[in-house]
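A.B. asks: Chain residues, written in single-letter form:
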Amino acid sequence: MALDKVGIAKRIAQELKDGWYVNLGIGIPTLVANYIPQGIEVEFQSENGILGMGPFPFEGEEDADLINAGKQTITATKGAVFFDSAMSFAMIRGQHVQLTVLGAMEVSQNGDIANWKIPGKMVKGMGGAMDLVASADNIIVAMMHSNKAGESKILKQCTLPLTGVGCVKKVVTELAVMEIKDGKFHLIERAPGVSVEEIISKTEGELVVPDNVPEMVL
Amino acid sequence: MNKVVSNVSEALKGIEDNMTLMVGGFGLCGIPENSIAELVKLGVKNLTCISNNAGVDDFGLGLLLQQKQVKKMISSYVGENDEFERQMLSGELEVDLIPQGSLAERCRAGGAGIPAFFTPAGYGTEVAEGKEVRVFNGKPHILESALEADFAIVKAWKGDTEGNLVYKATARNFNPMMAMAGKITIAEVEELVPAGELDPNQIHTPGIFVQRIFQGEKFEKRIEQRTVRSK
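Chains as they are written, first to last, in the numbering used here: chain E, 1 to 218; chain D, 1 to 231.
Take these hints with a grain of salt, some might be off.
As a list, the in silico DSSO-like pairs of lysine-lysine whose alpha-carbon atoms are at most 27 Å apart [what the hints assert, rightly or not]:
hint, chain 1, residue 1, chain 2, residue 2
1, E, Lys10, D, Lys231
2, E, Lys121, E, Lys10
3, E, Lys117, D, Lys231
4, E, Lys121, D, Lys72
5, E, Lys148, E, Lys5
6, E, Lys17, E, Lys181
7, D, Lys131, D, Lys71
8, E, Lys184, D, Lys139
9, E, Lys117, D, Lys71
10, D, Lys72, E, Lys124
11, D, Lys131, E, Lys121
12, E, Lys117, D, Lys68
Restraint ranges, calculated between C-beta atoms of paired labels, are given here [to be verified]:
hint, chain 1, residue 1, chain 2, residue 2, range
13, D, Lys183, E, Gln38, 52 to 62 Å
14, D, Val193, E, Ala149, 29 to 39 Å
15, E, Glu197, D, Asn46, 55 to 65 Å
Just so you know, the hints here were simulated from the structure itself, not pulled from any lab data. Note that CB positions come from ideal geometry on N, CA and C, so glycine has one too.
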């Protein structure tokens with residue numbers, strides 16, 4: 001069965017490594033913080049100016065001055081630190097953040113990503129996404145395999161305005177985990193109960209499929 | 001040097017039509033809400049506003065948009081404001097969208113005497129159109145220029161009579177860089193204290209960047225996305 005959003009977040013959480021500083025984007029990526037593997041320590045950076053982002057506050061303890069980049073009320077962990085936006089992006093551009101997880105509308109087989117604009121329809125802006133994808137070494141995209149009309153979002157070439165070029169290393173969807181290298185998607189794992197055929201049929205970009213594609217273990 | 005002005009109307013003196021304003025804040029967090037309310041009252045028009053976001057429909061810079069006081073917005077993310085999206089898609093409002101880190105650095109550069117800098121952010125996208133590209137360490141970068149403003153309006157938690165500022169938590173965001181980049185910088189604070197009361201070791205924005213400071217009358221501090229967990 002295809003994963004839900006929580007399933008995607010759980011699978012991405014398995015990529016976390018001890019000692020990493022991690023930036024989580026808005027939406028599914030935010031959920032990753034709930035499933036940190038036992039025995040490892042990671043610290044979450046939010047680009048609006050906090051390192052050491054904690055869980056949502058208890059009701060009645062919300063602080064309007066303490067939010068994440070999605071404008072949600074949050075808490076700060078012990079040892080957290082606040083800083084300004086220039087400092088925050090110095091951490092990001094300077095590659096002091098080890099992993100970036102963000103959402104996308106489209107990704108292409110050479111690692112391009114589009115997630116900020118649909119011409120004539122929707123313009124939300126890129127926020128920090130362009131800085132993040134241009135700088136991070138390790139970028140995982142959390143997204144749905146197809147749009148609501150059933151069209152693949154895993155493409156040969158993006159059709160929407162780009163956020164970054166050749167930057168995405170790994171994509172986790174409700175169906176599959178794919179790596180991007182040598183200008184192709186490589187199928188690494190499939191969601192429990194999802195067939196390789198289904199993934200192939202929903203992937204427009206070039207997909208390399210090994211003989212044995214293990215199921216994700218969540 | 002005493003920077004204190006008695007109220008918001010005195011603080012905003014000299015702001016006129018067609019000017020460029022920097023307005024601090026991230027979402028509704030750390031915005032100079034007393035000054036924004038006063039700008040609505042003043043009715044100044046054709047403003048160019050440099051601010052990470054554009055507020056929501058009925059708060060923050062959204063209030064200026066409702067009154068059609070803004071000619072151009074320079075921002076990184078504007079997704080929380082329906083009126084903004086309507087004015088932008090209909091062409092009434094000019095919009096320059098800039099990657100968030102580039103926006104922050106362009107403000108900092110403006111205040112720090114750095115006319116331009118190279119950044120990898122936006123390379124290969126429409127943000128790079130018309131900009132010089134140069135390769136450093138095998139990686140392409142684009143040239144971004146500094147931003148300055150006729151007035152920068154920032155919001156701090158505490159300030160002293162010298163204009164020294166301390167911000168609280170993530171309400172710091174764009175305020176420190178914008179404070180540096182205003183020809184005249186106005187600081188709106190929750191608590192104004194005499195010089196000497198703030199610990200010099202803990203000050204975030206040195207008073208040299210601030211020309212006018214006042215204590216805001218009231219702060220609503222609206223929360224955009226109230227998210228909680230149960231006990």
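A.B. asks: Check whether the Cα positions of E/Lys121 and E/Lys10 lie no farther apart than 27 Å.
C.D. replies: 32 Å, violated
A.B. asks: Hinted pair, alpha-carbon criterion (27 Å max): D/Lys131, D/Lys71. Please report holds or violated.
C.D. replies: 24 Å, holds
A.B. asks: Taking the Cβ atom of D/Val193 and the Cβ atom of E/Ala149, is their distance within the range 29 to 39 Å?
C.D. replies: With a Cβ separation near 59 Å, D/Val193 and E/Ala149 fall outside 29 to 39 Å, so the hint is violated.
A.B. asks: Given the hint that E/Lys148 pairs with E/Lys5, does the C-alpha gap stay at or below 27 Å?
C.D. replies: 15 Å, holds
A.B. asks: Tell me if the straight-line CA distance from D/Lys72 to E/Lys124 falls inside 27 Å.
C.D. replies: 16 Å, holds
A.B. asks: With the threshold set at 27 Å, check whether the alpha-carbon distance from D/Lys131 to E/Lys121 stays at or below it.
C.D. replies: 26 Å, holds
A.B. asks: Would you check the hint for E/Lys117 and D/Lys231, treating anything up to 27 Å between C-alpha atoms as holding?
C.D. replies: Not satisfied, since the Cα-Cα distance of roughly 39 Å exceeds 27 Å.
A.B. asks: Is 52 to 62 Å right for how far apart the beta carbons of D/Lys183 and E/Gln38 are?
C.D. replies: 54 Å, holds
A.B. asks: Quickly compare the C-alpha distance for E/Lys10 and D/Lys231 to 27 Å and report which way the hint goes.
C.D. replies: Distance of about 23 Å is within 27 Å: holds.
A.B. asks: Taking 27 Å as the top limit, are the C-alpha atoms of E/Lys121 and D/Lys72 close enough?
C.D. replies: 19 Å, holds
A.B. asks: Keeping to a limit of 27 Å between CA atoms, is the pair of E/Lys17 and E/Lys181 held or broken?
C.D. replies: Answer holds: E/Lys17 to E/Lys181 is near 21 Å, not above 27 Å.
A.B. asks: Decide if the proposed pair is consistent with the structure: E/Lys117 and D/Lys68, CA atoms, cutoff 27 Å inclusive.
C.D. replies: Holds, because 24 Å separates the two Cα atoms, which is no more than 27 Å.
In the structure shown, a violation is registered for the earlier hints numbered 2, 3 and 14, in ascending order.
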